[in-house]
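Student: Line by line, the protein sequences give chains A and B.
Note that the first sequence covers residues 794 to 1041 in this note's numbering.
Note that the second sequence covers residues 122 to 566 in this note's numbering.
Keep in mind that the hints were calculated from the coordinates and are not lab data.
Positions of the beta carbon are idealized from the N, C-alpha and C atoms, including for glycine.
Some clues are possibly wrong.
[As the list claims (entries may be wrong)] Chain A is faced by these chain B residues, among others (derived, beta-carbon under 10 Å):
#1 Ser-260
#2 Ser-264
#3 Thr-404
#4 Ala-409
#5 Gly-411
#6 Phe-444
#7 Val-445
#8 Leu-447
#9 Ala-566
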Amino acid sequence: MASTSKTAALEAPALVVRGVGKRFGEREAVKDVSFDVARGELLAIIGPNGAGKTTLLTILAGIRTPDGGTVEQQGPNADKRIGWVPQHTAVYAKLTVAQNLRLFARLEKVSDLEGTVQRMLEQTALAERADDELGSLSGGNRQRVNIAVGLLADPPVLLLDEPSGALDPRQRQRLWGFITALTERGTSVVFATHDIAEAERHADRVLVLADGELLFNGSPAGLHTLAGAAEHEDMEQAFVRFLAAQGH
Amino acid sequence: MRWMLLKDLQILWRSKLLLGLLIVYPIAIATLMGFALSSGPEKPRVAFLNQVPENRSTIRLGDKKIDADTYTDKLFTAIDRVDVESREEALEKVRSGAVLSALIVPPDFTTKLSNSGLSAASVEVIYNGDALKQSFVRSTVSSKLAEADAALAKEINGLASGYIDVILNGGKIEIIGASFDILGLKESKRRLDSVMKASPDARTRRLVQPVQDFATIGVANADRFKDVLNTVEKPVAVKETVLSGRRTPLDAFAIAVAVTVSLMFVCVLLASGLLALEREENTFTRLARGLVPGGQLIGEKIVLAAACAFAVTLVMLMGVSAFVPLDWGRSGLWVLALAVGALAFSALGVAIGSLAREVRAASLLAFLLSLPLAFLALVPSGGVSPLLYDIIQVISAVFPFKPSLDAINRAVNDTGPSIAQSMAHLAALIVFFGVAARAGLKRFA
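With the sequences and hints as input, model every part of the structure.
Tutor: Here it is in structure tokens:
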């Protein structure tokens, strides 16, 4: 649930997405999607498998070029690159934790290289394993490094694709605490997830995507209401009911 | 088990590119290699220029005549003769690869055989290409020349044996048109024996005795003269001319081949693996956000793989030079040829890596592609039919092995005037494969 302290920041957009579309051959993966992301907002993109969530995120990250539409950063630090944390660990298994952080910090042209690396090691609680090869770490620890790499350049907007998938409940809790702290400092966070309960618990706003189409853009409570779900029905049930009502 | 088999077949069917490569590529390469190995021309094509005037086409030995065709007919039972009008035309055909080599019989061929002794006559064999081709020429054309030589030697020996028979047994012999009666060694000995039996005086006996001994030794050893004649097997010398560069010993060429093959494998495997690793580790999506532009990523892999392979092969050359003398004065050219060749092989490697997208698949594809292409590049012109050779030439030109081998061979063995042409060829291939790899990166995200 969004904290009230963020209300003012939420009004200023950090990312403006207009009419974005992407086609792979005959299949239209993303259809004319438009939305804004406010500064310090935590936005969840939810949807069934194949809805186009990852494609949309890769377009926002600048990895894929959309067939149509625009993605524009606004506000302070709009010239800084959008941060990206892919679903699967995207770091070098044969390098150590510190070497990975140092490499990506250099590529991101971070000014205080060693200071930033040290800060990320502390934030991810991996300082003691700084000299261990990535390949020797557990899935959860690798994912922490994966997220840390996305945060190295202190991006104004951070995109995460299924960030908590490989984490145990304790690590997941720590991750969301970390992300919430980021949004309180003004970083906008957009994450794609299958976990509807997680979206309800942490997101200020949710986008529902199905077959590449944006079906809903609003608060989790708004989705619950729109779906016509009963009081006792949870968010996941409301989500399924909503998709069925929309013909998906 | 059958369900697993069905599953695997379904997976293979879905991987159309891999399936296509696994089926079509080996068939195509096997067909080419099969043709190259088994259906070469039965007779190597050799340009032939006979400069002997028609009225002097006969070899005259004493009162006997041997037609020069005795020599050439034997030769052309095993060689596909391509008649040419001039030496220039012969050189052009060799240069273009239309014929394996050229054979030129000089105008004085029959005159020299007739008048100047057996060793003075010669024919010229002209060829081009690397040591492998030179070796092929020697093992085909030169061996046929040796057979023709032997046939001519047999004719000459027959004539000479006739003369020995006349000297031994007596008879008529013609010299410069005049006919002489020869008594013969046997009759001479018989008559001398009669004279000595008639008890001549001491002075006559002293004078005749050495002549009688000479006749005795001559009669006893006449057959050995024929044996000696049989050892004269090469009445015609073969002058070998290499069109460009110089003759390269096969072992020197083998060094160039070994270095090029090593260069190829290190570059292709390393470059393809390094690029495919970026996708396998999922790091490509991070880099593709503008951290490292695609062109830079490709360039970095090419340069790294090329630098490693360059160092390995340079050390290899230096090690080889401890056993086989190499011209260190040309080491600047070695470095240039190795460096540009390494860049071209690495560019091919990244193209393979961008196509395969997985390290293991990239390694497999690199092996599948490299080995047969290296083999094809070593097929000499004239060793296969002209059409097949043209196809092989086109395929070889699209991959870096042949131009790299040419450049390294010329740099190490001084076999050609310049390596500039190979360098330009390799530079074009670097650009071609670099662009192909860049296009392949679009499938990485």
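Student: Take the hints in turn and mark each one as holding or not.
Tutor: How the hints compare with the structure:
Violation of the interface hint for Ser-260 of chain B is found here, the shortest Cβ-Cβ separation to chain A being roughly 51 Å, above the 10 Å cut-off. Proximity of Ser-264 of chain B to chain A is violated relative to the hint, the smallest CB-CB distance being about 56 Å (cut-off 10 Å). Hint on Thr-404 of chain B holds. Least Cβ distance to chain A is approximately 5 Å, under the 10 Å limit. Hint on Ala-409 of chain B holds. Least Cβ distance to chain A is approximately 5 Å, under the 10 Å limit.
Because the closest C-beta pair between Gly-411 of chain B and chain A is about 6 Å apart, less than 10 Å, the hint holds. The beta carbon of Phe-444 of chain B is not positioned within 10 Å of any beta carbon in chain A (closest approach about 37 Å), and the interface hint is therefore violated. A hinted interface residue such as Val-445 of chain B counts as satisfied when its beta carbon comes closer than 10 Å to some beta carbon of chain A; here the least separation is about 39 Å, so the hint is violated. Of the supplied interface hints, the one on Leu-447 of chain B is violated, with its beta-carbon coming no nearer than about 38 Å to a beta-carbon of chain A, more than 10 Å.
A cut of 10 Å between beta carbons decides the hint on Ala-566 of chain B: the least distance to chain A is about 5 Å, and the hint holds.
Checked against the numbered hints given earlier, this structure breaks hints 1, 2, 6, 7, 8; the rest are met.
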